[in-house]
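Everything in the sequence shown is counted per numbering that gives the first Met the number 0, starting at 0 for the first residue and increasing by one.
Heads up, some of the hints might be wrong.
Mimicking DSSO-like on lysine-lysine, the simulated pairs with C-alpha atoms at most 27 Å apart in a straight line are [claimed, not checked]:
| no. | residue 1 | residue 2 |
| --- | --- | --- |
| 1 | Lys498 | Lys425 |
| 2 | Lys193 | Lys220 |
| 3 | Lys351 | Lys220 |
| 4 | Lys351 | Lys373 |
| 5 | Lys387 | Lys351 |
| 6 | Lys425 | Lys193 |
Read the hints as simulated data drawn from the structure, not as lab findings.
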Amino acid sequence: MPATELLAHLNDTLAALSAGSAAFRPALIPREIGVVLSVSAGVVRVSGLPGAGSGELLLFAGGLYGLAYNLDETEIGVVLLGEDARLSVGDEVERTGRVMDIPVGDALIGRIINPLGEPLDGGGPLLTRQRLPIERPAPAIMDRAPVTVPLQTGLKVLDALLPVGRGQRELILGDRQTGKTALALDAILNQHDKQVLCIYCAIGQRAASVAKVIATLREKKALAYTIVLVAEGNEAPGLKYIAPYAATSVAEYFMEQGRDVLIVYDDLTNHARAYRELSLLLRRPPGREAFPGDIFYIHSRLLERATHLSPALGGGSLTALPIIETEAQNISAYIPTNLISITDGQIYLSPKLFEAGVLPAVDVGKSVSRVGGKAQLPAYRTTTGNLKLAYSQFEELENYARFGTRLDEHTQRVIDHGQRIRSWLKQPELHPMSVPEQLVVLLALTSGYFDNILVEKIPEAEALLTQSSLALPAELLQRLTAQKPLSPDDQAALLACAKTVLAPFQEQPAAENN
């Protein structure tokens, strides 16, 4: 470059700098700076922030954030959203003027994040345009619509006997190692062709357990429509506390776009324990089982956000499957009874059934769905009939028969039929079934076509009948999933198929179906 041209560029640059410095007017921006008074496990006490509000995000040295929780006269109790090892007494803390929020958008689908919205999967930064506060008011009553569309879980025992509707809150509870996470995971896997976005929120779980779930989702190609939000068991209690609220805000973004969302909280027992730990460290008065008095409100304000929006607001839905762990089958403990009263039904997993090999180990007698029956497909309502009543009677008579009492013919028939229902309700893990596959076998079962088949041959007969359902006419398969009851002609076609397939397994001719 010639010297004259270089000199001209230099003069232009100096002129621009001179003009910029002349126009610069320094602004005085007030900042509130506080000081850390004490540091304990996940909680710090600070002073010197008179303008801080409840729930405001505070910034500590090193980029560590905390939530202002206890606003006392001379100090503030802060819940840390990270490890406290980097903090010490005397460190500065600054107000941010905003509440805790999380990035939302389509960029999160298929990603694994933490409650702060930071990626954990090494897939690069999250490119989103919007953030939502993690604490948001639940939709008003007038903004909600009735739950009328089923959420097919692919599990026979749920879809037939304990149906779940889109927008419902159905609690899953049971002792540890009874299959609670597997049940929710099956429900996620079954949404692959249902246009339902899924969010799996792991709260206080072991890293190995979370890794296993993620590996299963990736193997079954379910991560393509799933968001995983993780707060592991070794992380700060503050992160475990905000995790379900952050996951719900992510879900609400999609619900407000008119989409159907399924969210699994695994599990809220760990969430309650994290909140109890924080409350005791903040010196809040303990109540029953040392939980703070507002623990009911903590969970109710979370689960009230699950709903079905009215058509005027897009008609989206948020279905919640919260999971909690019971101890020694005690479903009347404090946290279980709280959540049972908040949700629209519960699915109880029995360790006795689990040990007996009845999987999924759903105790039909102690489980209930208070909404899903109205959202259940009419074909199920036509087919199931008194299936739940027959199964409950069987369980009572089975206990009675164990005493070696001589049974009359009718009682023996009830027990034999119940054994076949139980055999049908068994289902391998990670193998959800479609609606036609379930209905073909269910109709044959309720019509007595399995009553003359040996119990040990039921799985083989069911597998053949399920396979035969794939060859049914497309029009018939479409009518099975329609919002209309099964017609007599459709029932006759399904029963004719069942009779043909099951004929080789019959011990004697099946009774005529009325």
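Given pair status - Lys220, Lys351, alpha carbons within 27 Å:
violated, 33 Å
Has the given pair, Lys193 with Lys220, been kept, meaning a C-alpha gap of at most 27 Å?
holds, 14 Å
Has the given pair, Lys498 with Lys425, been kept, meaning a C-alpha gap of at most 27 Å?
At roughly 22 Å apart (the allowed maximum being 27 Å), Lys425 and Lys498 satisfy the hint.
27 Å limit on alpha-carbon distance, applied to hinted pair Lys351 and Lys373
Measuring from Cα to Cα gives roughly 31 Å; hence the hint is violated.
Compare the distance between the alpha carbons of Lys425 and Lys193 with 27 Å, and conclude whether the hinted pair is satisfied.
Distance of about 24 Å is within 27 Å: holds.
Take a quick look at whether Lys387 and Lys351 sit within 27 Å of each other, Cα to Cα.
holds, 19 Å
Going through the hint list in order, the structure does not satisfy hints 3, 4.
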